[in-house]
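What the first sequence shows, in my numbering, is residues 536 to 980, in sequence order.
Honestly, the hints are just simulated from the structure, not real lab data. From a predicted model like this one, the values you see are computed outputs, not experimental measurements. Don't be surprised by glycine CBs; every beta carbon is placed ideally from N, CA and C. A couple of the hints might just be wrong.
Claimed, not checked - Distance windows between CB atoms, simulated:
1. I872 <-> V579: 23 to 29 Å
2. A941 <-> A904: 33 to 39 Å
3. L542 <-> P713: 22 to 28 Å
4. A904 <-> K650: 42 to 48 Å
5. R758 <-> L556: 56 to 62 Å
6. G629 <-> T840: 18 to 24 Å
7. K919 <-> P550: 35 to 41 Å
8. H903 <-> Q649: 47 to 53 Å
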Amino acid sequence: MSDIRTLPGFREFYPEDRAVLGHIMNVWRQSCRRYGFREWESPVLEPLELFTEKSGEEIVRQLFNFEDKGGRQVSLRPEMTPSLARMVGAKANGIPKPIRWFAIGENFRYEKPQKGRLRSFYQLNADLLGEAGPAADAEIMALCADCLLGFGLTQKDFRIRISDRTLWFRYLASLGIPESHAAAVLSVVDKLERGTPSDLLTAMTAALTGTNVDAAHALQAARTFAGTNSLEGLTQLAAGDEAMQNRLQDWKHLLHTLHALGFAECLTIDLTIVRGLAYYTGFVFEAFETGGEARALAGGGRYDTLVKKMHGPDLPAVGFGMGDVTVRDLLEAKQLIPAYADGPDFFVMILGEDARTAALNDIASLRHAGFRVEYNFHDGKFPKLIHAAEVAGARYALIYGGSEVAKGVTKVRSLTDRSEAEVPRTDIIPALRAVLAEGMRAVLP
RNA sequence: GUGGUUGUAGCUCAGUUGGUUAGAGCAUCGGUUUGUGGUACCGAGGGUCGGGGGUUCAAGUCCCCUCAAUCACCCCA
């Protein structure tokens with residue numbers, strides 16, 4: 536064993552593990568395609584400025600960044616949204632709207648590895664650009680839900696908690712809190728569930744310096760607002776405030792669309808979600824496991840100003856990300872990972888070197904016809920070879936011995952029920968195709 | 001970044017108050033009179049006991065440091 540190990544937070548995927556990752560990616564890809572989304576990809580290594588421009592210099596301590604041999608400041612991508620904004624921005628005028636794009640890629644973050652958070656992870660990103668109305672938000676949330684349902688999860692297994700930064704901003708404005716202070720107040724809201732009352736009051740006071748809003752009153756109002764989890768409750772709070780009432784029309788549209796699409800059961804209104812992401816501008820949402828672990832499975836929202844900020848056109852956008860690590864943890868806990876089966880269709884047992892040439896000829900034909908075929912490199916006895924076929928995970932063995940070759944046939948043997956049938960070598964491809972489709976009865980007399 | 005726990009073969013683990021050359025099961029590979037099955041039997045490979053330093057006649061075992069995993073915080077695009 537080498538004493539050079541993988542870097543902390545990085546994973547190796549042995550075939551069984553890679554199959555699980557492949558399954559996750561397949562479900563994501565299938566779900567996205569069903570929504571008409573097209574797959575894209577971008578470089579794993581990007582100029583450092585691509586990320587600092589969006590998120591500021593503080594982000595650098597969470598980046599895998601370095602100077603390349605050409606003296607360029609570069610970084611492995613921590614997310615794909617800036618690359619998306621750049622790509623869309625460059626060709627936005629020529630792409631039909633709305634743009635439905637998704638990507639599945641490896642991302643890197645330099646932080647202390649923990650459960651569900653590694654330094655390298657695969658993430659699905661799905662984004663819908665060019666549509667500002669709530670229909671697009673609904674479409675993205677629906678896709679997010681279907682990406683989870685595709686694994687065999689039910690709407691009971693997770694919740695999509697929906698919040699709204701726009702509504703928050705309008706509510707804070709109704710309290711007399713200016714937009715310039717709203718972001719700071721929201722970061723206090725984000726801590727409502729965790730912080731002690733005195734810490735929260737201190738933080739709120741700090742967030743409101745420069746205004747004449749009473750911190751205790753604002754804190755209480757924010758608590759009430761965050762605790763409202765029904766459209767009716769929000770409507771009451773919006774009474775007399777036209778801006779909030781207008782926004783609630785978008786909420787009605789959003790919820791109606793999602794209900795009509797069949798996602799009523801997994802949705803909840805939860806205004807405690809504000810997400811740290813400063814660039815979100817409207818609806819935001821997170822998908823959480825409902826079980827004891829309460830893992831965060833996905834998150835997203837509307838970011839109408841980001842593409843323009845990345846020097847692109849003024850293009851509204853909404854999207855979400857879903858990582859492979861927590862999804863995998865959840866699927867393992869729910870026993871929703873399909874059994875690993877990656878063996879060949881046929882294991883060709885070559886019994887005696889005299890049969891090898893004929894066997895190799897057929898092996899090549901079968902492979903070119905699309906079958907998955909293995910065979911024994913070294914001559915062996917029958918029990919040993921049949922065992923080898925089993926260990927390889929083959930469904931059927933094809934026996935090539937002196938007697939079969941002399942008769943111009945091969946013997947197909949089911950490794951599950953041990954039945955056998957002879958197949959003329961001239962007829963081998965259609966006969967074996969039938970065996971894979973219908974089982975041994977296709978060739979048994 | 002701050003604390004707690006853990007670290008012996010590929011995996012699961014044993015290893016006595018410190019005492020000879022660190023073991024078992026599973027797994028892997030080979031064999032058990034050359035054409036019909038995962039059993040059984042025999043055998044082999046595989047460990048600087050996470051790494052380094054210290055105490056001691058003697059360290060897998062005790063002490064310190066370090067690395068990694070993991071849990072709770074901070075953070076979380």
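Can the suggested window of 56 to 62 Å be confirmed for the beta-carbon pair R758 and L556?
-> This hint is violated: roughly 42 Å between Cβ atoms.
Between A904 and K650, does the C-beta distance stay in 42 to 48 Å?
-> With a Cβ separation near 46 Å, A904 and K650 satisfy 42 to 48 Å, so the hint holds.
Is the distance from the Cβ of K919 to the Cβ of P550 consistent with 35 to 41 Å?
-> violated, 23 Å
Per the hint of 47 to 53 Å, is the separation of the Cβ atoms of H903 and Q649 within bounds?
-> Once the Cβ atoms are compared, 49 Å apart, the range 47 to 53 Å for Q649 and H903 holds.
Taking the beta carbons of A941 and A904, is their distance inside 33 to 39 Å?
-> violated, 24 Å
Is 23 to 29 Å right for how far apart the beta carbons of I872 and V579 are?
-> holds, 27 Å
L542 and P713, beta-carbon distance inside 22 to 28 Å?
-> Since L542 and P713 have Cβ atoms about 46 Å apart, the given range 22 to 28 Å is violated.
Between G629 and T840, is the Cβ distance one that fits in 18 to 24 Å?
-> holds, 22 Å
The structure fails hints 2, 3, 5 and 7 (numbered hints given earlier, in ascending order).
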